[in-house]
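What follows is the residue order along each chain.
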Amino acid sequence: MSETLREIKELTDASYEYGFSTDLDTDIAPPGLTEDTVRLISGKKDEPEWLLDWRLKAFAAWKSMDEPDWAKLEIHPIDYQSLSYWAAPTQKPVLDSMDDVDPEIRDMFDKLGIPLHEQKMLSNVAVDAIVDSVSVTTTFKMTLAAAGVIFCSFSEAVQDHPDLVREHLGSVVPVRDNFFAALNSAVFSDGSFCYIPAGVRCPMELSTYFRINSQNTGQFERTLIIAEDDSHVSYLEGCTAPQRDENQLHAAVVELVAKDRSEIKYSTVQNWYPGDENGVGGIYNFVTKRGRAHTDAKISWTQVETGSAITWKYPSVILQGDRSVGEFYSVALSSKRQQADTGTKMIHVGADTTSSIISKGISAGHGQNTYRGLVKVLRSAQNARNYTQCDSLLLGSECGAHTIPYIEVKNPSAQVEHEASTSTVGEDQLFYCRQRGMTEEDAMSMIVNGFCREVFDELPMEFAVEAQRLLSVSLEGSVG
Amino acid sequence: MTATSTAEHQEIAGLTYPTKRDEAWRYAPHDVLGQLSFGLSVGSARQLPPAFDASISALEGPRIVLINGVVDAERSDLSALPVGLRLSTFEDARRDQPELLAVHFDSDVDLSTDTFTALNIAFGSNGAVVHVTGGHAIDVPVQIVDIALPDETGSTSCSGVVIHLEEGASATVVETRIGDGDFGGSNTRTTISLGDQASLAHIVLQDIALTQVHLGRVDATQGAGSVLRSHLFNLGGRYGRVDYGVRLAGEGAKVELTGLYLGMGNQVLDQQVTVVHAAPDCTSRQSFRGILDDESTGVFNGGIDVRPGADGTDAEQSNDNLLLSDRAEANTQPRLEILADQVACKHGATVGQLDTDALYYLRTRGIPEAEARRLLVGGFADQVVDTVDNEILRTWITERVRRHDG
Numbered sequence: 001m002s003e004t005l006r007e008i009k010e011l012t013d014a015s016y017e018y019g020f021s022t023d024l025d026t027d028i029a030p031p032g033l034t035e036d037t038v039r040l041i042s043g044k045k046d047e048p049e050w051l052l053d054w055r056l057k058a059f060a061a062w063k064s065m066d067e068p069d070w071a072k073l074e075i076h077p078i079d080y081q082s083l084s085y086w087a088a089p090t091q092k093p094v095l096d097s098m099d100d101v102d103p104e105i106r107d108m109f110d111k112l113g114i115p116l117h118e119q120k121m122l123s124n125v126a127v128d129a130i131v132d133s134v135s136v137t138t139t140f141k142m143t144l145a146a147a148g149v150i151f152c153s154f155s156e157a158v159q160d161h162p163d164l165v166r167e168h169l170g171s172v173v174p175v176r177d178n179f180f181a182a183l184n185s186a187v188f189s190d191g192s193f194c195y196i197p198a199g200v201r202c203p204m205e206l207s208t209y210f211r212i213n214s215q216n217t218g219q220f221e222r223t224l225i226i227a228e229d230d231s232h233v234s235y236l237e238g239c240t241a242p243q244r245d246e247n248q249l250h251a252a253v254v255e256l257v258a259k260d261r262s263e264i265k266y267s268t269v270q271n272w273y274p275g276d277e278n279g280v281g282g283i284y285n286f287v288t289k290r291g292r293a294h295t296d297a298k299i300s301w302t303q304v305e306t307g308s309a310i311t312w313k314y315p316s317v318i319l320q321g322d323r324s325v326g327e328f329y330s331v332a333l334s335s336k337r338q339q340a341d342t343g344t345k346m347i348h349v350g351a352d353t354t355s356s357i358i359s360k361g362i363s364a365g366h367g368q369n370t371y372r373g374l375v376k377v378l379r380s381a382q383n384a385r386n387y388t389q390c391d392s393l394l395l396g397s398e399c400g401a402h403t404i405p406y407i408e409v410k411n412p413s414a415q416v417e418h419e420a421s422t423s424t425v426g427e428d429q430l431f432y433c434r435q436r437g438m439t440e441e442d443a444m445s446m447i448v449n450g451f452c453r454e455v456f457d458e459l460p461m462e463f464a465v466e467a468q469r470l471l472s473v474s475l476e477g478s479v480g
Numbered sequence: 001m002t003a004t005s006t007a008e009h010q011e012i013a014g015l016t017y018p019t020k021r022d023e024a025w026r027y028a029p030h031d032v033l034g035q036l037s038f039g040l041s042v043g044s045a046r047q048l049p050p051a052f053d054a055s056i057s058a059l060e061g062p063r064i065v066l067i068n069g070v071v072d073a074e075r076s077d078l079s080a081l082p083v084g085l086r087l088s089t090f091e092d093a094r095r096d097q098p099e100l101l102a103v104h105f106d107s108d109v110d111l112s113t114d115t116f117t118a119l120n121i122a123f124g125s126n127g128a129v130v131h132v133t134g135g136h137a138i139d140v141p142v143q144i145v146d147i148a149l150p151d152e153t154g155s156t157s158c159s160g161v162v163i164h165l166e167e168g169a170s171a172t173v174v175e176t177r178i179g180d181g182d183f184g185g186s187n188t189r190t191t192i193s194l195g196d197q198a199s200l201a202h203i204v205l206q207d208i209a210l211t212q213v214h215l216g217r218v219d220a221t222q223g224a225g226s227v228l229r230s231h232l233f234n235l236g237g238r239y240g241r242v243d244y245g246v247r248l249a250g251e252g253a254k255v256e257l258t259g260l261y262l263g264m265g266n267q268v269l270d271q272q273v274t275v276v277h278a279a280p281d282c283t284s285r286q287s288f289r290g291i292l293d294d295e296s297t298g299v300f301n302g303g304i305d306v307r308p309g310a311d312g313t314d315a316e317q318s319n320d321n322l323l324l325s326d327r328a329e330a331n332t333q334p335r336l337e338i339l340a341d342q343v344a345c346k347h348g349a350t351v352g353q354l355d356t357d358a359l360y361y362l363r364t365r366g367i368p369e370a371e372a373r374r375l376l377v378g379g380f381a382d383q384v385v386d387t388v389d390n391e392i393l394r395t396w397i398t399e400r401v402r403r404h405d406g
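Just so you know, the sequences run in chain order A and B. For what it's worth, my numbering labels the leading residue of the first sequence as 1, then goes sequentially. For what it's worth, my numbering labels the leading residue of the second sequence as 1, then goes sequentially.
In case anyone wonders, no lab produced these hints; they're calculated from the structure. Any given hint could turn out to be false.
Which bits of chain A does chain B cover? Going by a derived footprint, with three or more residues having C-beta under 8 Å, they are [what the hints assert, rightly or not]:
(1) 309–318
(2) 400–408
(3) 417–431
Source: prediction; values computed, not measured. A virtual CB, placed ideally from N, CA and C, is assigned to each residue, including glycine.
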């Protein structure tokens, strides 16, 4: 083993800094999934009849579906009956201000670096924090309300804005879309809801923070963002989970609706617990994210995926309206025994639609990283344009990098380009940096960050810093 | 045994018929495939169309001709073989070179998932063996012609080709797959093994009738320092498909695969390629180009598979498609699967239409639009045709490609 390899190994063995768990009094449903579980969840949340019916329809659909097996992933069988589908920290039911939040939860978020205290807040970010299944708090509600923006937990939205929820829920990701989306539709617990009225530019970045705390629970949150005509919103999402030996399931659904001339920018830094170096524990992350862009609208997905034992995620854009734009920027890192099968789908329906895909995959340790993407140009999509670039970086000899793009073009005026490369960090590059006095780790970090720069540039500033840091932590000891 | 349909075979042999859910068969016309039937080869009672005889004799040199999976001794030419070349039928090889046939029939292919290979092994008992002994260079191209002339609608013939070049040998083999009839077609399988430093130029011309189906498979294993250059011209068939599986097993082996597919009418032309880098310092190049007119569909599913330990791999792949009609369709899936770290792999894919600027340029020079289009399309196709080194072969191919260009 060369020195480089040894260092790579050391770096990948770095520990997970968010692995603590917090002792919260939690209201947990007994394990198992039946129609009664669905009714229980719906009942706990005091949901209207139509939503229960919708959930039950999804549950019936889910029962008839099989787990997808086409991804390049080795998954231990998941026993859906051994999971608990409802876990909520018990606390005072109604919160008047941030000070009423359970101090233990507040401490937990402090440890995570989430600015829940408005007073302490430096950045202009409104946060909706979700622990296990339930939304704990939403900050900056007043400021947002003044602009007409609705930003609240999904449960609140169901109570306060039922018409909006009813109109859009499942309109982008139908209940039968796939196995995990159907499961989520049946048992989703909470999530974020965001509505930007016509012509409004959301005055601050919106953010959701997800945390799985309880043991043996699945987290199934649902995010719905609606941007009316001529509006604009930037949305951030972060995730962590405690270190546990069992695999925990996370199956979320995110739906974006971008009406005419609006813009939604959705950024994710995913840092769920990845499991240890032997592949024990870690989050199974099966996520369905999709947006529909109407005329002249733009949807942009940016993701930095450093966590999870398994990532199965393909944020997509349906370019429905003429001249709509879809973008996908991704950095996916798999080290230790992590497996990531991730990419995007760009479905060109309208004329003059444009999509671009920049994907950077990094494999280290025993990690397996797969880019899987679809660019589909329908007959109606006159003059559609796509550019795809997928680069993979291999740091070590035990890891794998795979690129599996699908390109389906049914309109001759389309211009579709796909480029991909796979390479390694050369000994000569490292030698050059070390010669100039950099430590091997700094050199590696610099090279890897340079490799990812096109994607980091798309992230809001605070997130970009966080992402860079995460990447170096995740690669710590793993890179030479 | 009489001819039975694919569905019946599936039941008999426990085979799974591929569906749209199988990655490699995603874009195939499954309704058409379902109507094919397979059975033991019995030859044909029908007269060979005169054009076929002209086409066969257009290329001089030794040849074996098979009609419906049975060797046609009259049209084959095994006389005056150059020193070092052994060209024989499966029947003869069973007696003289059984070890070569063993490689062909003990296929590594997962038969439970590849129904048509399983059927080929079951029914493709006839074929041709090209064997070049150590160090000999065979200058004259060896031609293997497979003709599908079904007596009954749907019947699909099976045959095989075995090419074995010993250490340091070199040869050129041209495989022509043609046919005539309302339906049915051919299912052929070629097994290539190249000894160390051997070099093979290999051409596959798939030009079956537009109403028929061709299912072809080429498996190659290469020794150290060997070179394989294979050129596919996938032109004919309602469904024309060729699967390549190349295994670079010896250090420093090189493979260059080029392909051209020209679709018109409702043709579906499908190329499935996997190049496995199993040894260090091997080089692979894949370059496939498609021109799709009318309602035709082109499929390219090409993979570069770098196994652990195959350091120093240099692999490139490209697939470019030209759509000439509003209803034509291109599906491309360039895959990279990499499990070694000292590698340089690249792939690229494009789909587009004729460059309007180039068209305009030609028209300003007084070239009529139709002619300008022909020039540009021809130029696009020539980039593949030009990779054929042998001039006689290049002229012969150009002539056949032009017929499809219209």
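Comparing the hints with the structure gives:
With 0 residues carrying a beta carbon less than 8 Å from a beta carbon of chain B, the region 309–318 of chain A misses the three-residue requirement, and the given coverage is violated. Restraint check on the region 400–408 of chain A versus chain B: 9 residues with Cβ-Cβ distances below 8 Å, three needed, restraint holds. For the region 417–431 of chain A, the stated coverage by chain B holds: 8 residues have a C-beta nearer than 8 Å to a C-beta of that chain, and at least 3 were required.
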